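Going line by line, the protein sequences match chains R and L. Numbering follows my numbering, with no gaps: position 30 of the first sequence is 30. Numbering follows my numbering, with no gaps: position 4 of the second sequence is 4.
It should be emphasised that the hints constitute simulated quantities derived from the structure, not laboratory data. In this text, all values refer to a predicted model and were calculated from it rather than measured experimentally. Virtual Cβ for every residue (Gly too), placed ideally from N, Cα, C. There may be inaccurate statements among the hints.
Claimed, not checked - Residues on chain L that point at chain R, a partial pick, calculated with CB under 7 Å:
#1 Arg73
#2 Leu76
#3 Arg77
#4 Arg91
#5 Met228
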Amino acid sequence: MNEVIEGIIQAVQLIVSLDEEVLEITARSLLISLSATLIGSAIAIPIGGFIHFKEFGGKRGLVTIIQALYALPTVLAGLLVFLLLSRSGPFGFLRLMFTPTGMVIGQIVLIIPLMIGMTLIALSGVSRTKQDTVISLGASETQTVITIVKEARFAILGGVILGFGRAISEVGAAMMIGGNIRGYTRVLTTAIALETSMGNLSLSIALGLILLAIATVVTGILFLVQER
Amino acid sequence: MIEFEHVVMNFGEKEVLKDASFTIQKGEIFTFIGPSGSGKTTILRLIDMLERPTRGSISIDGTIVSSLKDRDRIPLRRKMSMVFQKPSPLRGTVYDNVAIGLIFRNISHDEIKARVPEALELVGLKGYEDRKAGTLSGGEMQRVAIARAISTKPDILLLDEPTANLDPVSTEKIENLIFSLKERFGITVVLSTHDMVQGQRLADRIAVIIDGRIGQIGTSKEIFYHPMNRAVANMVGVENIFEGIIAKNEEGLASIDVDGTSIIATTAFPPGTPVVLYMRPEDITFHVRDGVKSSARNEFTGMITKVLPMGPNARLKVDAGITLTAVITQRSYEELDLALGKETQLAFKASAIHVVERKPSKSV
């Protein structure tokens with residue numbers, strides 16, 4: 001018990017003293033997960049919009065698959081990207097394994113189904129009457145899509161924030177694709193896993209507290225967004 | 001000009017519009033009257049090209065729109081505006097809401113800045129520009145929706161129950177606005193309502209729609225005093241409907257036998273013709289027993305069997321051999337000392353009765 005209390009005190013000291021390693025790992029985590037979220041949003045929101053606004057065969061089946069992938073295990077996303085990026089894989093020539101870029105790709109694969117799904121839910125939340133109103137006011141197809149997406153923007157943003165939360169908290173894909181290389185691909189989750197296994201509790205707790213703080217801020221923003 | 005030719009609309013298995021054919025002239029106020037779910041909204045949505053008919057053709061100013069591609073519908077739709085029964089506020093201010101149709105039409109910012117306050121003033125919401133649309137009451141939002149629709153200066157204005165959420169004062173304002181839009185700008189207004197009186201007040205012509213079928217099209221006088229069949233009569237509040245046979249006819253003044261009771265009505269049908277008689281409850285007058293002869297051809301003595309107060313009026317059922325339904329003012333009811341179970345004298349003119357030939361094969 002003393003060890004834990006001592007760990008917490010040391011962790012606070014590490015944070016307050018702006019320990020270089022702690023800051024560096026935190027910055028990398030934020031950078032990788034924010035990049036994955038931004039790129040993922042740029043892909044997922046238009047796909048969600050396309051699925052919502054267009055009628056095509058197999059639409060319902062596709063939506064069901066996307067919903068099932070919300071719970072895609074992180075190690076499976078990691079395995080998939082590993083197979084694609086490893087030297088013998090189709091994209092091995094890009095040499096992205098054990099790089100931050102590879103980790104970004106892994107997180108994108110992980111969060112895209114969730115963000116498409118959240119976009120679909122957000123757009124479905126815009127009433128039929130509202131959509132008809134926009135069309136009857138003379139909107140072209142593009143104007144209709146833009147206006148409806150704008151109407152659903154806070155709900156869509158909620159999905160984006162959820163995606164970021166899932167990206168920054170996952171450990172499986174980050175470990176498998178990044179390799180947890182100190183000073184290069186080590187992020188909060190992989191560092192916590194490693195430091196805990198090595199018995200370095202104070203650093204684990206410090207990083208854990210930061211991850212918890214980020215998760216709290218994300219949840220807070222999500223709550224504020226949903227309130228609007 | 002809007003033309004429907006044998007238009008049928010199905011939603012799944014349900015046929016919501018049955019073989020609708022009609023023409024709406026440019027610059028007229030055309031009202032669809034019917035109960036909820038009768039197909040009024042569907043007609044407005046078909047005109048606005050929000051739906052495609054299952055069968056039949058719809059043309060607007062000579063262009064058949066029912067078969068147009070989505071993209072080709074936009075320029076035509078931009079000549080129209082529709083106000084929905086439940087107005088939908090878009091995010092943002094009242095200004096943003098009213099301006100959006102103009103933005104879609106690529107109108108310049110300067111013109112939008114001029115048109116939005118103008119439209120808001122017309123609906124009595126001057127100075128509301130900066131309010132959040134989501135915070136408005138139902139009635140205010142309905143007026144914003146109307147401002148949004150008229151700001152685009154449409155040729156055709158489609159109004160789906162536009163005053164359903166409004167108080168009487170706002171309703172009057174909107175009705176006056178509809179009139180002035182027609183008078184000042186020559187806009188064609190197509191309106192749906194379940195409010196008979198509103199239909200009567202506003203419309204140049206009325207179409208009565210019941211269960212997806214257009215029962216009758218005509219002026220308000222034709223619809224309210226000369227219904228073509230029992231369904232239309234019931235819809236427009238003609239409560240006295242009797243079946244009878246012409247017993248004799250002398251120069252257009254016929255004596256009609258209704259279950260042994262003789263009713264005098266103006267009609268050209270010859271003796272022996274089976275007919276249906278329609279009479280509005282407001283056309284029956286009551287008299288005290290003072291021996292003074294009424295000028296009305298039909299005079300009866302009957303017993304009041306039911307009294308239903310209706311605000312300033314009262315609806316009475318009177319058994320006079322046939323059961324008559326009458327509406328009189330509460331003041332008259334009290335002054336004539338009428339009461340449930342009392343005997344009273346009542347009268348109605350021969351011209352108050354609309355006589356329609358009864359075809360045995362058809363329901364009337």
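Hint check:
1. Below 7 Å, beta-carbon pairs count as interface contacts, and L/Arg73 has none with chain R, the closest being about 9 Å; its hint is therefore violated.
2. The beta carbon of L/Leu76 is not positioned within 7 Å of any beta carbon in chain R (closest approach about 10 Å), and the interface hint is therefore violated.
3. At about 6 Å, the closest approach between the beta carbon of L/Arg77 and any beta carbon in chain R falls short of 7 Å, and the interface hint on this residue holds.
4. The criterion of a C-beta within 7 Å of any C-beta in chain R is met by L/Arg91, whose closest approach is roughly 6 Å, and the hint holds.
5. A least Cβ separation of about 33 Å between L/Met228 and chain R goes past the 7 Å threshold, and the interface hint is therefore violated.
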